[in-house]
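A.B. asks: Based on the hints, put chain B in the right spot on chain A.
Line by line, the protein sequences are chains A and B.
Numbering that gives the first Met the number 0 puts the first residue of the first sequence at 0, with every later residue one more than the last.
Numbering that gives the first Met the number 0 puts the first residue of the second sequence at 0, with every later residue one more than the last.
If you are wondering where the hints come from, they were derived from the structure by calculation, not from laboratory data.
You may find that some hints are simply not true.
As the list claims (entries may be wrong) - Within a straight-line C-alpha distance of at most 25 Å, the following computed DMTMM-like cross-link-like pairs (lysine to aspartate or glutamate) qualify:
1) A/Lys558 <-> A/Glu504
2) B/Lys311 <-> A/Glu834
3) B/Lys59 <-> A/Asp100
4) A/Lys754 <-> A/Glu445
5) B/Lys247 <-> A/Asp100
6) B/Lys238 <-> A/Asp963
7) B/Lys238 <-> A/Asp939
8) B/Lys247 <-> A/Asp434
9) A/Lys147 <-> A/Glu205
10) A/Lys955 <-> B/Asp226
11) A/Lys835 <-> B/Glu287
Stated by the list, open to error - Stretch-level coverage of chain B by chain A, calculated; a stretch enters the list once three of its residues show a Cβ under 8 Å from a Cβ in chain A:
12) 290-301
13) 461-467
Where a beta carbon is used, it is the ideal one built from N, C-alpha and C, also for glycine.
Letter by letter, the chains look like this.
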Amino acid sequence: MSFQISKHLFVFPLFVVFGLGDILSAEDDMIDFNKVIRPILAKNCFACHGPDEGSREADLRLDLRTAAIDASAIVPANSDGSELIKRVLSDDPDLKMPPPDSGHELTDADIKSLRSWIDSGAKYATHWSFIPPTKKSLPAISDAGWPKHELDHFVLKKLEENKLSPSSAAKKLQLLRRVSLDLTGLPPTIEEADAFVNDASEIAFEKVVDRLLKSDAYGEHWSRMWLDLARYADTKGYEKDRHRDIWRYRDWVIDAFNRDMPYDQFTVEQLAGDLLPNRTSDQILATAFHRNTMTNEEGGTDNEEFRVKAVQDRVDTTAQVWMGLTMGCAKCHSHKYDPISIKDYYSFYAYFNQTQDNDMEGPFWPTPTAELSNKIADAKAAIAELSSKTRQRTGAFKTAFENWKKQFADQPLWGNVSLDSYTSKNGVTLTQNDDGKIIASGKQAEKDTWQLTFELSNAQPKPLPITGFRIEYFPQAKGGGDWPDKNVAIRELTAELVFPDGKTEALKLTNPRATFSQANWPIAKAIDGKKRVGWGLSPKYNEPHIGVFDFQNPILIDKITQGAKLRLTLDQEYGERLLLARSRFSVSHYPANWLKAQLKPNLERVFAEEVNADTQKVFGELKAAQSRLAKLESSVPKTPVMLELDPKNSRETKIHNRGNFLDQGEKVSPAVVEMFGKFPADQPASRLGAARWLTQPENPLTARVMVNRIWARLFGVGIVETEEDFGTQGLPPSHPGLLDWLAVDFRENGWSVKKLLRSIVLSSTYRQSSKMPSGDANVDPRNRLLSRGPRFRLSAEVVRDQALAASGMLSRKIGGPSVMPPQPGGVWKTTYSGEKWKNAIGPDRYRRGLYTYLKRTSPYPAMTTFDAGSGEVCQIRRVRTNTPLQALVTLNDTAFVEAAGALAKKMESLDGDLRTKLTYGFRTVLIRRPTDFEIDRLIDLYNSLKDSLDEAALLKAAGRETGDVQLVAVANVLLNLDETMTKP
Amino acid sequence: MTLPLQLQKTQAITRRHFFGNAGLGFGAVALQSLLSKNGDAFHENANHQSPSASFRIPAKAKSVIYLHMAGSPSQLDLFENKPALGKLHNTTCPDEYLEGKRFAFIKGVPKMLGPMFKFKQHGETGQWISELFPHLGKVIDDVCVIRSISTEQFNHAPAQLLMQTGNPLLGYPAMGSWVTYGLGSENENLPGFVVLASGGKTPSAGKSLWGSGFLPTIYQGVQCRTDGGDPILFLSDPKGMSRADRRKTLDAINDLNRFQHQAVGDPETLTRISQYELAFKMQVSVPEVMDISKESQEMLDLYGAKPGFISKAESAADPRSLYKGDDPTFANNCLLARRLVESGVRFVQLYDWGWDHHGSSLGESIDETLPIKAKQIDRAIAGLLTDLKQRGKLDETLVVWGGEFGRTPMMQNNVNKELKKGFIGRDHHPHAFTMWMAGAGIKPGVYGQTDDIGYYPTENPVGIRDLQATILHQVGIDPFKFGYPNQGLNQRLIGPTNEGKVLTDILA
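One chain only, chain B, in its complex shape:
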């Protein structure tokens, strides 16, 4: 028997699942830093691996903070200043925009809806930003606004899945899972992919948005909860058991497990011992990193954060009517995101629900709800960018903001034919919408343009694959070479075809 021992051990972890065709080892590199730096069964592999797997390229970003506004905010009321659309306000929509189009809710011939808010130019780049984002306007010179994004999906769940997993169906790994699979985590006491949700509901596509799909479940996003319960499920010891008691029980478990290992010799037993130890450490490290009360008042004010605040909207059956502009839940999550990446978490994903402003029921209008939602995030996001910059972390943290699609320049008309206060809305619009990125080698400015009413891109169109390719590229992964064999395909975040491209124009 001549198989080198280390290679055999490498194979010991369901080889195909970890290593696939992409060459031996990168999974183990990731896995190792994700889980533990010593004492586990995978440790020996590290010597055997080539330190840079074939897909690794020089990285700009160490970590990613992705702010997803679930429901999709209106680009026409936030980033796209369209005076021409204003002139068409309340007139019948020209046929050319309706023919052959599928809408989620618009029926018949709707009216055009001009921008509902004033725009102003900000910063040295002179970017037009809506009055709803005064704070963001102050930091806009750090941001690259991409106005020309389009997607293939026009319903929430498939569009969110396409954006986050590269496939409109359920069951594919999230971007955060891909990234931690490729790079691992930098903190042995914390998960590598953390999800924070606000707005009172999880996004339409549910927890599948941070599922690991066909990748091993260790790469699944771990949702850290901020609603007063355990930040990670089952993190607290049972009531009545102190840390000292837990330590005693854990020592007994480990002693008996070591005894078992001597008797049976299974390296998995050693892994289990180290995982129980890691769990014990996480019981302290996670609440610690999640505790924003230690931040200075100045820092809290920068974000608009309030430690310990639990919003009523977070547990309401329909939170939309409870939204308040000064609700700090999202701000708290932004501050947490900074703390998490500072602690070495690779990918922090924020979801904020409540951006689906159709105008068909109370609490989902452009005219009344959008200003509240914008207020909830404006100071928080500006605070996040400012804070990262002050700490010198913006250069190595990629911040991404956006929804799953855009909103129509037409008024949605299935409930109200005419403009009615509190019921002004826009339908889903997949053909052109705005997202932005900041930090980690992204060149600030504006990229892409749309036509006079913001219906179609006219310059530098950007697809979802391009965004995904660019994000992977910035974290040091070649998006074309980075894959995982499943169902007969080399599955990739950017999909099976090479339609995506890295947006080199926006790289510094």
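Just chain A, with the same shape it has in the complex:
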């Protein structure tokens, strides 16, 4: 009896005051520390008398029982003797607690609760969410026929406690639309609706659920939830906010949901996929989760400052996403409410402080799509096959080759030319040896320009037109001389003929090729007419090399017989003595495609590649395949990922005093907050171990937070309403037993999100009608008791996707780079980056909202109007607003007007009278059949618009050329109904 009195006296007034709204269950007869007392202390006292030593006043802490008792603030069983009570009752502004200027004030009910709690012994308890969940036995209920699933017991129990009964089951079509939107984000089709209605089997609904969970649309829809958490966006943020290629991560998430990757694995791969043994490229891709942090490319920024901000963001996001904890405030000072000190913060930070990224986009990882990987593998296989084919030699080939080869006995492929004369601007001496090598000696000039004039008449046994020439470069070991091995820098090379009378004729050089060219100093740059760069050989200047050029017009015999000489001018004005100190020049009359840049000319290869028709064809195919492969490989998207620093470069982690990275204090080692479980003994002290710590059964939060999140997406509010805060400042769960049961079950089911969703949507709780009792009869206005089914506005993406799907325009392409559906001109007026929004044409105009390009500093307006985020920081839950700007979007935005046009077309194409057409349109959007009132009202509207609309203009706006314009206007209405915007 005494329990009941205390409940009436204290418990009831409390929840009015706090607006907890969460109806306390009968099992909580005593004043519960966690439910009643901790919120009072946390809200009013802990800021100055809590865990944060930095802001603690009077050296008193009230968050620990012993400390509070030692300080006589609390005397158990004696509230009158407790200083705490004296202070809160005091009239003296100097003594009164909380201090009048703090903005906090206790109500009489608070004080009564505190007294009662102290008088009954002042028992403290660990905050509920810091104790690992256990599956308690199902509560006893009276209506045993109602539950379809264990979870229904918890819900019904609470309803019965509150003298309520569940709502009746939702109608079949209402349920179908609800579950389709919930599991896939897309509405069912009329065909699916009819099939479900006609399926009388007991498991008709289960079949629907299983079909939906198997569809690709499932992963697309649920990945959106995760992308909010991952702060996914297509740009880098801050001032420049330039494009970032990270859509492969988005596709990884879609795929992980569709494959139902267990949540523990999903966790480990995203936080530490790069540290897994035998890591796959997909596991590395997963780590892009934490590369969605912003990078600042503004001039003059300190990379370390923004690297630190990114690492802090990773720590904060990890704590928020997996544990529902707000660690962020501990980066400046110890947490004021939860037991997380600034040292705990930076110890956890230390795990994340060892990655290579440094406010730059890299490191990147090649992350081909499956399709691209397959194409690359095919191309490689084709190349292997073709190249083995190119090595096959038939007898006929051998004979033909022997015959062909004979010509070189008379006339070698290359004939050396002898140096007739030369000039050196800076006085270098050049001498030619008998073997044709030209050796520089004497003064070793810093830079120089040479003119080398060669005799042509004796270059070849037979006088024939000359098609090309070759430069051979030799290192000192192969050519001698006193010039040390150094790079060469032929900035520009020109050729001309010099006739005996002094006249000259320029020779155009083409088709430059070399055995090797230095990066950014390709041989082609030697003949590009610009002197800035040319042909260089670093770092391979201690090996011989060859460069070959063709003459665009061969040097004809008559010119040679006239005594023309070849003059080459070599601009070597780079400096650092990069001169061609040992070289040889030779010419050829053979076809240009025979003249390879090869150290040892391979005549058989030339014959096979260039002369013999059969083998030539195979080589041609090989070349085509190689260039195909190169193209494919260059199209592989590269994604920013997490990669650990080389241990010898590892960073020291120190506490950042007051969060200031320039003011570092005590050094810390990586560590977890052990209150949430000991670090797993068999795991490395790295991100990998930290990730596994999150998913071990001892962790009290990870499973609870995830099941709560999924529950919230289905029911509109979580069992813990403050999805973002499971700490002492958060709200307590409405159904603690249910939350824990689901959390444990989730883990026991192999962390399967699909199984969890299946359980929930098959429950009687989910299947209730969402009809609300009117007026005062509605004792559960926010549905916190789950006395009916969920009904709330669809998310931004679903609003769009539903309109596109119903109108038949939705593109079902999955994944790929983000797209730019129409947005009004001038929205992207951003500084500097010069990137432009180009309205997509074709199917990309009608992709799911998930694929819409997201620029952080200028997000897609139609989405943000419906409360989608901008990807700037981790968004745990979206608020749901209901604003006039939303009406303007769905009434007037091009996407929705075009959807109305397409929906009208669908209606038109149906045979039948107006009523039939409109009924079809209504069902396409809302699935259920319209009532007479509804269909009559639409017919009235249709008729009232006769001769009123500007037919040509509205049809054009709706993306149509011809058609029934009144139907377009009616379709616009259908896409704007409250029921359309709402999950039923």
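C.D. replies: Below, chain B without anything else, positioned relative to chain A:
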């Protein structure tokens, strides 16, 4: 079940998001006046609320017009008369100003850059104003010039964010969002927080500067566009649908929604009906308030406004080379701002881009571009203050002017080592810069001083938190008590610590 019904309804709007720890109800008060005065689901709450939430204090300003010069104008060429700096002109910068400093672009040892323009004393207060602001000089007796402001950020995006949202990172609510969250709007047909941009680009930090952060998106700033398209996105009905047609379709939507409400009973449906009605009204009221062509020629001349003028600079890839002194875009926005606050809009934020005068490329110099930019705003701002005063509105409208930081007394030297016409510039300077406030209980005059070259404040230093605290204070919000719970903190515009203070010295 004994929970009072009205309280339950209060909770129906994602309670934590609207009410937080600051006591029940102020959000609903704001929300209600922001959205609609009748017929919505929130209406009943009003009776339940205490009319003055705990953070409310007596207000001087009903509304705020904040003029942000994105890029940051040079205080040394506009407000700070520094003859001593003139004497150092073109000499090597003393080491004491370089040691341990981080600059955005200055490298090595730069030269000092004296004032590039003449200063003259104006008004009864005898304030020194640059020759670039002749019109502002005439109204300077209504203005409180604060010369001693410093910030912690020296890059545009973080500094703009710190100024406007109280945090250098993206994702925090704008000052305008905070104010409308706290006070609501006075016009049921217009958004409470309106943003107008000019200069051809949005500021560096983009639309995050008027985002609502963790506050509900209804408090997000609504950018009204003046470049010829819809003033509010999606405001126009589809082509071919007349107002009468829209009315017919809306009547059908509302009838079907009412029917739905009878069947299902969800109060959100009623809210949706009223929001569709409000949207319909906004389709008329917004273009109306945005139409300055109805103003008299005299009024247009006062501002230098030209109705319907669409500047080429507004759509150019690089607008800076197209700037002209008589470009009326900013002037039009000033006139609009007056019309908006007159219609009850709570917070009007103007951004004018193009004030980043480094001197490193064409169209961003102190010597050539600054005079053009100054000309674009001088008459307009003087006109705004004069107009507000004539209407008796200056007493209840707080006007704030400034950039996100100041500019260095040194010449920026990374492109040009020497003075070169059209390329004279100054780097970012966070340590001391000038802003001003006028109207709504602000005492005219000069506040704060800096040293001889304007490098550091020497008297009455003012931080960004102080400015924010003062602005909130003038609109009737206690900046220390006004917060919103998020991420485990009671988030406030003025930041988590109490370093900020209301600048009581400048209050009348």
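A.B. asks: Next step is simple, just say for each hint if it's right about the structure.
C.D. replies: Tested hints:
1. Between A/Lys558 and A/Glu504 the CA atoms are separated by roughly 11 Å; this keeps the pair inside 25 Å, and the hint holds.
2. The suggested pairing of B/Lys311 with A/Glu834 holds, with an alpha-carbon distance near 19 Å, which does not exceed 25 Å.
3. Between B/Lys59 and A/Asp100 the alpha-carbon distance is near 23 Å, which keeps this suggested pair within the 25 Å criterion.
4. With a C-alpha separation of about 75 Å, the suggested pairing of A/Lys754 with A/Glu445 is violated against the 25 Å cut-off.
5. Straight-line distance between C-alpha atoms of B/Lys247 and A/Asp100 comes to about 56 Å, which puts the hinted pair past the 25 Å bound.
6. At most 25 Å may separate the alpha-carbon atoms for a hinted pair to count; B/Lys238 and A/Asp963 meet this at roughly 16 Å.
7. Simply put, B/Lys238 and A/Asp939 have alpha-carbon atoms about 22 Å apart, close enough for the 25 Å limit, and the pair holds.
8. Taken as a hint, the B/Lys247 and A/Asp434 pair is broken in the structure, with Cα atoms around 98 Å apart against an allowance of 25 Å.
9. Restraint check: the Cα-Cα separation between A/Lys147 and A/Glu205 comes to about 12 Å, which is no more than 25 Å; the hinted pair holds.
10. Our distance criterion of 25 Å between C-alpha atoms is met by A/Lys955 and B/Asp226, whose separation comes to about 24 Å.
11. With a C-alpha separation of about 31 Å, the suggested pairing of A/Lys835 with B/Glu287 is violated against the 25 Å cut-off.
12. Only residues whose C-beta sits within less than 8 Å of a C-beta in chain A count toward coverage, and the segment 290-301 of chain B has 0 of them, not enough to reach three; the restraint is violated.
13. Residue count for the segment 461-467 of chain B with a Cβ under 8 Å from a Cβ of chain A: 0. That is fewer than the three needed, and the coverage hint is violated.
Hint violations for this structure: numbers 4, 5, 8, 11, 12 and 13, all remaining hints satisfied.
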